[in-house]
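K.L.:
Sequence:
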Amino acid sequence: MDRLQTRELAFFVAVAEELHFGRAAERLGLAQPPLSRAISRLERRMGVLLLERTSRRVTLTPAGEVFLTESRRALDAVDAAVRRAQRAGRPAARLVVVMKPGGDCGLMPDILAAYDVDPDAVPVDIVLCSAHERAGMIRDGRADVGLLHRSNTDLTGLDFAELLIEDQVVVLPHNHRLASRVSVSLADLTGETMPHWSADTTNGLSVQDVGQLMQFVALGRAVAVVPASVRGQLRADLVCVPVTDAEPTTLILAWPQGHRTSALAAFVRTATTAAAHRQTKQPYRG
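If you read the sequence shown in the UniProt record's numbering, its first letter stands for residue 1, the second for the next number, and so on.
Hints listed in this document are in silico derivations from the structure and should not be mistaken for laboratory results. Computed from a prediction, not measured in an experiment: that's the story for all the values here. Hints may contain errors.
Label-pair distances were calculated between CB atoms; the ranges are [to be verified]:
hint : residue 1 : residue 2 : range
1    : E162      : A88       : 24 to 30 Å
2    : Q5        : L205      : 43 to 49 Å
3    : R56       : V78       : 45 to 51 Å
Every residue, glycine too, gets a C-beta built ideally from N, C-alpha and C.
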């Protein structure tokens, strides 16, 4: 079978998402009959039925569900390739690093200082964004590398290196019933409101950065279980108490799978070395 064109994938994704040929055709700026013929040709070429069609509805077959997932990934990969090539073609190369505000465990100053003197270094742009955006920005080519937490991140399509493993603490208002405890367990926090890292404000208490999280805790609206390094950003009216049975968190450095320029390799090398020095409590001088 000849290689499929990205246009064919885009046609199929539109129909699969709309589950309606008329709406998909309108979305693509096409007439419906050519779109229907294009999908039929695609199915014949692949030798598999992707869509079940009746006079009332369109549904995905099991093969269609798989092909939808893979088609989205393929189209995203093409978009990412274009973005990376455009950025690489600029007169002055730059490395775009994405991270959550306050999500570097205090490592970024050491990393940047050491990277700046590496012979393979290029200027670095730091992009701060919410937790749920970072992996997507790396995959789609808007960022070259990012700091993520392994436990709550989809790492599909990414290579990564572990930097730091941290115990967790609960952030509490100073007058909270547990604030004077030496340590607590997760069971002690039963019934407490816990914020989640998201821009979606329709699903409970949402935060996008450490500042927002601490404000909600200070107001008595929530408590938060977070990596122990947050102590360095703690407000005076809050306290941290170790959570003895909370699973440790792992800070990782992630980049697109199979993508490793000399500038990126230097940044990964610098970051892992800085993290190793932090784990041994030694100052890192590059």
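K.L.:
Between Q5 and L205, is the Cβ distance one that fits in 43 to 49 Å?
P.N.:
46 Å, holds
K.L.:
For the range 45 to 51 Å, tell me whether the beta carbons of R56 and V78 fit it or not.
P.N.:
For R56 and V78 the Cβ distance comes to about 34 Å; the hint is violated.
K.L.:
Using the beta carbons of E162 and A88, state whether their distance is inside 24 to 30 Å or not.
P.N.:
28 Å, holds
When the structure is compared with the earlier hints, a violation turns up for hint 3 alone.
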